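Undergrad: Given chain A, work out where chain B should sit, using these hints.
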Amino acid sequence: MKLHVLGVSHHSAPLDVREGLAVSGEALLRQLQAVRGACEEAMVLSTCNRYELYVAARDDAQLEAALQVAIGGHGKARAHLYKHEGERALQHLFRVASSLDSLVLGEPQILGQVKDAFEAALQAGAVGPLLQRTVQRALQVAKRVRTETRIGENAASVASVAVSLAGHIFGDGGSLAHHPVLVVGAGKMAELAARHLKQAEVRELHVVNRTRSRAEELAAKLGGVAHDFSQLESLLARADVVLCGTGAQEPVIRADLVQRVMKARRGRWMLFVDIAVPRDVDPKVGEIDSVYLYDVDALQQVVEENRRERQREAEAAEAIVGEELRRFAEGEREKGVVPTIRSLRERSLAMARREVEKTLPRLSPGASEKDRQLFSQMAEAIVNKMLHGPLTALKRDAAAGPEAAGGGLEQAVRALFQLDEPEPAEQAKGKDSQPAQKQQPTQTSGGAKEANR
Amino acid sequence: MPPLFPLTLSLYAVACALYVATVGLPQPGALPRAARLCLLLAFCSQALDIGWLCLHGQSPPSEAREAVFFASWLMAGVYLLSTLRAQLPVVGALLLPVALALQVVSRLAPPEAPEAPSGLRSLHIFAATLGTAVFALGAGGSVVYLIAERQLKRHHFGKIGKRGPALETLDRLNRQSILLGFPVFTLALVTGAAFLGRLLREGLPLLGLLLRPQYVLAVTTWLLFAGLLLGRMGWGLRGRRAALLTLYGFGAALAVLAVYFLRGLHRVSVS
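Taken in order, these protein sequences are the chains called A and B. With my numbering, letter number 429 in the first sequence gets 1604, and the count goes up by one each step, no holes. With my numbering, letter number 133 in the second sequence gets 560, and the count goes up by one each step, no holes.
Treat the hints loosely; a few may be bogus.
[To be verified] Derived Cβ-Cβ restraints for the label pairs, each shown as a range:
1) Glu1425/A <-> Leu508/B: 51 to 57 Å
2) Gln1315/A <-> Pro433/B: 45 to 51 Å
3) Leu689/B <-> Ile1463/A: 25 to 31 Å
4) Lys580/B <-> Arg1378/A: 25 to 31 Å
5) Gly585/B <-> Leu1278/A: 52 to 58 Å
To be clear, the hints were calculated from the coordinates, so they are not data collected in a lab. Bear in mind the structure is a predicted one, so any value in this text is a computation, not a measurement. Every residue gets a Cβ at the ideal spot worked out from N, C-alpha and C, and that includes glycine.
In isolation and in its complexed conformation, chain A is listed as follows (with noise of 0.2 Å):
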């Protein structure tokens, strides 16, 4: 049974084709449960840019099964989908999980997304032993991955910008909690935005706009506080983040404002973000001391820079997915032959056994409870010993793979050792049966004599 990967991402299909294949909550367990009832085990990943599927399926059958029971009727979705399968279905999960397949390369929230698709799969019952490793693993992976590369620290979008720049200002490990943010302006863009620094602990947001009611609205979405326009110049005095977004011609926070606003705040930071084009603050006020201007040229010169630094944390990380994909498949290949090393070792343990059960009378006639023990014990430690050194090679050929040199030491154990023959323990009793019989009378006599004596 392999691992299989099925889906569609940024990278394979137009947005319209992700939405569709979209699924959440309830819908997503009821399409589980049916998936599982197609194949050995699955677990679906859908998130704004993937919708994909792993399943564990014994043939192409049970495979096309799932995929039809998944994406049945989204026709338009097989046009666009990838398909990988064992070794390479395992490095493509590893990859999403720690982020190196994502939109924005590093972004944190795939980790989650991994962990809840696999909740929602346990849940509906839908996790066998092979996804329950391989999942367990590619989370190990993505978090090693966190832990040894900068992957995810430096900022890719301008909201994380933003708030990676205020805590560059004011600490606090760029959490917002204490720091009161401003937005100037209610459109979509500014909203966006917002959204985003929200993510940051904000716990004093306000919004001013020419229009209040708009600011109204978006202070309620936001859960923020909305002002009239004209109080501008007293919120400026209070917050340490100005958003600015509106869609005025002309600027709207002049350089003026910003010197007299800086005398109330005692020379205190502030931070200017100004994703407006045109820009909405003075490109003066950048030089006033103490306050930091980001309009949108800076935001992306950042981004891309950040983006780059990126680039290059993941060459690391790919290194690091590549390590532990290797030792994973080594560990998955080394379990192949445990049905082997099994068969063998207690073929050979049962053997020394009957070969005890058989010498002992002979050897020693009153032999004890505790004697027969003892030659147990000695004969099983033969048995180990002189099976270590094969079983150990054993394991590393079959770690090492098909292609190594050398490969193909399982068939020749089995060959050798006749493990797909019948039982021999059955054989054994035939054939022991009657030089047991023979030795009867021989004891008999023994016995005999002895008693004569």
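TA: Frame of chain A, contents of chain B only:
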């Protein structure tokens, strides 16, 4: 030369390298802890050296070069103390090379004829060197502030801008170091004035005394830090201007030490 000096110097050099590596490497790992431990060992080793020097009549109040050596030890100590509250390896990476340079300079200087240290003189030297060491911490933070601030203004981040502390943290370090250092330095100035009184009684002209460079520089240092403190408390002076004033003040304080040191060298060459 004190017996542990080679070891002390090596430990300081390693600590410096570790702090620089902490700032420069993308994954510093356990380096900050190693740097701190190394610095602690260097500090202890230098403490033993200072003890040995005192036992041999070369205490900080007796010779200018020993005062410089002592000031470098205090700088390391003040930085170590500051790491108990906040880990600022980038400040350490700037401050420790200064302390290291002061040590080397002090040990390269030829010994002077030691002056008998009185209680007042000891207090004066202790307060002056401790004040300078505390100002050094503020100055280190100010340099980092100015670099990080410049990078923020120019929208281009280097290693200090990216991995260094936040501007507010650095400004707080500056404020605290001035608050602590200023009273200590004031004590040094007051005890220094007592010396001046003694010299006046010996018949030296007042104007000649007042124009001596070390006194002019000491008063300048005090005035700069007094202005900074007043500005901070009264007018909300902070950020870049506060950082610049701190650097000017520390520069003046270092110049006082330099004047005394050079005077000592001059005395040796004359004798």
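Undergrad: Could you run down the list of hints and mark each one as holding or not?
TA: Hint-by-hint comparison with the structure:
no.	hint	result
1	Glu1425/A <-> Leu508/B: 51 to 57 Å	holds (53 Å)
2	Gln1315/A <-> Pro433/B: 45 to 51 Å	holds (48 Å)
3	Leu689/B <-> Ile1463/A: 25 to 31 Å	violated (42 Å)
4	Lys580/B <-> Arg1378/A: 25 to 31 Å	holds (28 Å)
5	Gly585/B <-> Leu1278/A: 52 to 58 Å	violated (28 Å)
In this structure, the earlier hints numbered 3, 5 are contradicted, and the remaining ones agree with it.
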